[in-house]
Amino acid sequence: MHEAPPPGRPVLSVRDLVVVFDGPHGPLRAVDGVSFDVWPNEVLGIVGESGSGKSLTMLAVMGLLPPGARVESGSIEFRGRDMVALPWEQRRQVLGKEIAMIFQDPMTSMNPVMKIGRQLAEAIRLHARELSRAQVQARAAELLALVRIPDAQRRLTAYPHELSGGMRQRVMIAMAVAHDPALLIADEPTTALDVTIQAQVLRVLRRIRSQVGASMTLITHDLGLVAESADRVVVMYGGRVMETGTVEQVFAAPAHPYTAGLLASSLRVDGPLDEAYAIPGTPPQVDARPAGCVFSPRCPVGGHRDLCRADKPGLHTDEAGHGVACHYSGETSAWVELSRRPSDAAVGT
Amino acid sequence: MTRLSAGAAPGSSAGLHDTVAVDPSPLDVLGVAPARPAGRRRLPTVSIVIATALLCSIVALVVLAPLLPGYDPVTQHLDASQLRPLSDGHLLGTDPLGRDELSRVALAGRVSILIALAVVALNLVIGVVVGLTAGYFGGRADYLLMGLADLQLTIPVLLLLIAVIAAVGPSTTTLVVVLGVTFWVRYARVTRVIAASLREREFVLAAVTQGATDRWIMVKHLLPTVIPQLIVMGTFDIGTIVIAEASLSYLGLGVQAPTPSWGGMIAEGQRYLQTNPALVLVPAAAVFALLGGLAILGQRFSATYGRGGADLVTGRR
Amino acid sequence: MLSFLGRRLVRAVITVFGVLTIAFVIVRLNGSPAQLMLGPDATPENIVAFDRAYGFDRSIPEQLLTFVGNGLQGDFGESIRFGRPSVELVLDQLPSTLLLAGSAFLFGLLLAFVLTLVVELYGGRRLRNAVLWIGALVQAVPTFLLGVLAILVFAIWLKLLPALGADGPTSLILPAVTLGLFEVALYVRLFAVSFDEQRSLDYVRTAYSKGQSRRAVVLHHMLPNAALPLLTVAGINLGQLIGGTVVIETVFNWPGAGQLIYQAVSAKDYPVVQAGVVVIAALFVLINLVVDLLYAVLDPRVRLS
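Taken in sequence, the protein lines are chains B, X and P. According to my numbering, the residues represented by the first sequence are 1 to 349, in order. According to my numbering, the residues represented by the second sequence are 1 to 317, in order. According to my numbering, the residues represented by the third sequence are 1 to 305, in order.
It should be emphasised that the hints constitute simulated quantities derived from the structure, not laboratory data. Wrong hints could be hidden among the right ones.
[Claimed, not checked] Anything over 12 Å on all C-beta distances counts as not near chain B; from chain P, calculated:
id, residue
1, Leu2
2, Val16
3, Ile47
4, Gly55
5, Asp75
6, Trp157
7, Pro162
8, Arg214
9, Ile287
10, Leu289
[What the hints assert, rightly or not] Selected chain P positions facing chain B (Cβ under 10 Å, derived; list incomplete):
id, residue
11, Gln63
12, Leu201
13, Asp202
14, Val204
15, Arg205
16, Lys210
17, Ala216
18, His221
19, Pro224
20, Leu228
21, Thr232
22, Leu298
23, Asp299
24, Pro300
25, Arg301
[As the list claims (entries may be wrong)] If you want a taste of the chain X side facing chain P, the calculated C-beta under 8 Å gives, among others:
id, residue
26, Leu153
27, Leu159
28, Ala166
29, Pro170
30, Thr182
31, Gln274
Idealized CB from N, CA, C, for every residue including glycine.
Generate the whole structure from the sequences, applying the supplied hints.
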């Protein structure tokens, strides 16, 4: 499936989304004009460092922005519905049924004083009022079996803290897929787990997604995860989309210096340690973003040029669907070549 | 080339929802988030103005009343007892023994505030010493001291205060000492938490590696960090202490006659409640002004101080 | 769970011994218990006789042991004023105090509970702030003053309710509501803090992400989590309330244990003071144990650990 966007209408279409929250000196743009599509049955990886706005973007889709944050402009269209203007009473008919979300920390994301069975039953019954108590119970047990939790009946009467982290996240996945949603949003679903469990949980998530036939956005900072799980990828930085395309396009030939830097710093684990590349500097705070291209202060390619400092580059997408927001994207490949030469590897470290 | 556009790019679909009327996130139904951008809220609010006015009036009463020509809280004029407020020469009237009410309320306020300050200071010192010791040394000292602090929560404090004061003999000194050794627990808790967290911080570690002694570290490094926070706590605690003092004085176990106290005046006034409620209402107004002013400031402070923000910025923690 | 309750039990025992010791010390604070109880007119012969009669001539550790031993059996000696066992006197007055403190507690807790839910479910920022502001102001007024003003307004001016004493159920209203108002204010503010803590927690967002209604999230998810931490505070507070009714009992001349102890203090009837302090402290310890037990039953994290 690793090719240009499939035909048909996208499940989710985000255009020019701006999310602001109130700072001490007026509103701050945490998400600053983000656009992307999620197509049927695809996995879209959204990659970025913390603070890049990737989670806020998807919380805006859910309509569950934290207090103080709000959508200022832009549109979010899910299966033909305008999610921005949708009142809560109608939105909640969609949440948990057509869009479901899996959160980062399964410990804090579950109600600590409610039994697993009740939390699962709640997810089931909310969009299937006609089910009897027994039917709900049966469905709950069935869902637990689906995420490969053994001894399902006993687990239903357990409290969250009695389960291991991996088990808890499986329960979260079970809740999310209770109604075969069209879109699954997974926000760093394995980050809070032990490394040894991450692969298992990810396998469960991938298998279930393809069984259900849902599209999925996988929010992560882990490029490796995207490479093995996603069809397409959106790279975010400082609240903006830097690059987008299929995994092959972006990973094989990164067109944005930021993507190239990320790849250079993460994909060389097999190389000698002193050759490891690190993007110089740190991401800017939301209230201290530069005027032009957000990446310009750290950019090894165009950071020093006036154009980059003055003008925010828009996202330009070619016929193959590979988009990049950079004034000098043509020079990225030359920089990549240069930085691969051992003699120049010390750049920025 | 398709131009998907970003931000301020012209000709894009950005205009579609320029002013979006959105249902608030259900997470924010109570409006925990500031309604207005914080930058605009610089003017003093009505509540601050009221609180300041109340507190200023009390300070004026306490400081300026003794300068007035008719000031005399002591001398009895049995021929002029229970004059109503606004009488000649007695703005707030006189008490059953013919003493000037304004003078008495002013002196009572002065005594009350001084007692509260002394008690808070004593609380602060004990709390800091206990908290620093417990927090900095940890282990057994911590267990013992905090166990002692916990114990105080599980015994009827007021009853014991009454019994102890009566046994020792009620006086202003007794009151200050007894209250002073009773209400330090909160200060100790706060100090302990700060001290325990600071112990791990670099500048304390650096001091240790340079051979600083424990006492030196506590005095030189921990104290300056702890004190400002405790001063704020202490300011708002003045109200608590004034309440305690007034209650004990009402029972006759606090400030002793002939020195006037708000609690004592109210207790005496209660006997004439039917015929002359002014005897209660005058000191009551003073109590309201001081405690109300402090409470408004405290509420305002906790409303501003307690509002989270930073952790919500990124959306994820 | 057993270790949790075990630790609490140990603490309860220590508290009882602590209070017994304090009661023992109180009488000896200014040197001679005989001087304290007999007053300044006592002759040296009186004092010697008194010391012998009550065992004050023995060594302090010996006295303490005897006192604690007798105290544990509920024996604090006879009241000097009434010549009856002082514990009996206290226990006679205790129900009246419990009635007052209990009604104030229930009134406060229930009203605060209702107010909090109304604010959470139907109110906005404005109603919430109003409730919190009123709460802060009520808490800032000493209860005795509130009581005196209540007498002035409702008994003297409006002539609606009896002012003093305990004749019939109507006389409970003023003291209980006065005491209860402070409780309402306390619990409304505690509830608000507790709910605020819950509001930003992940599990609330998860519940919404399932499509759950605001009402159900507040009632089924947030309420149990927000109410649990209040349990401990409520226990401590109920204890302090029972020990603290003395002031309001004095204001309304309510014949309770607080009044009894207060009058015993004035009359230097120390056996009654000691018995009163220890009995109320024991009640306090009992309440806290019940709260701990409740906590262990209600919170699965404690129950199963």
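Quick rundown of the hints versus the structure:
| no. | hint | verdict |
| --- | --- | --- |
| 1 | Leu2 | 18 Å, holds |
| 2 | Val16 | 32 Å, holds |
| 3 | Ile47 | 62 Å, holds |
| 4 | Gly55 | 54 Å, holds |
| 5 | Asp75 | 45 Å, holds |
| 6 | Trp157 | 46 Å, holds |
| 7 | Pro162 | 45 Å, holds |
| 8 | Arg214 | 8 Å, violated |
| 9 | Ile287 | 23 Å, holds |
| 10 | Leu289 | 22 Å, holds |
| 11 | Gln63 | 50 Å, violated |
| 12 | Leu201 | 7 Å, holds |
| 13 | Asp202 | 4 Å, holds |
| 14 | Val204 | 9 Å, holds |
| 15 | Arg205 | 6 Å, holds |
| 16 | Lys210 | 4 Å, holds |
| 17 | Ala216 | 8 Å, holds |
| 18 | His221 | 5 Å, holds |
| 19 | Pro224 | 5 Å, holds |
| 20 | Leu228 | 7 Å, holds |
| 21 | Thr232 | 15 Å, violated |
| 22 | Leu298 | 8 Å, holds |
| 23 | Asp299 | 7 Å, holds |
| 24 | Pro300 | 4 Å, holds |
| 25 | Arg301 | 6 Å, holds |
| 26 | Leu153 | 5 Å, holds |
| 27 | Leu159 | 4 Å, holds |
| 28 | Ala166 | 4 Å, holds |
| 29 | Pro170 | 10 Å, violated |
| 30 | Thr182 | 12 Å, violated |
| 31 | Gln274 | 6 Å, holds |
When the structure is compared with the earlier hints, violations turn up for hints 8, 11, 21, 29, 30 and for no others.
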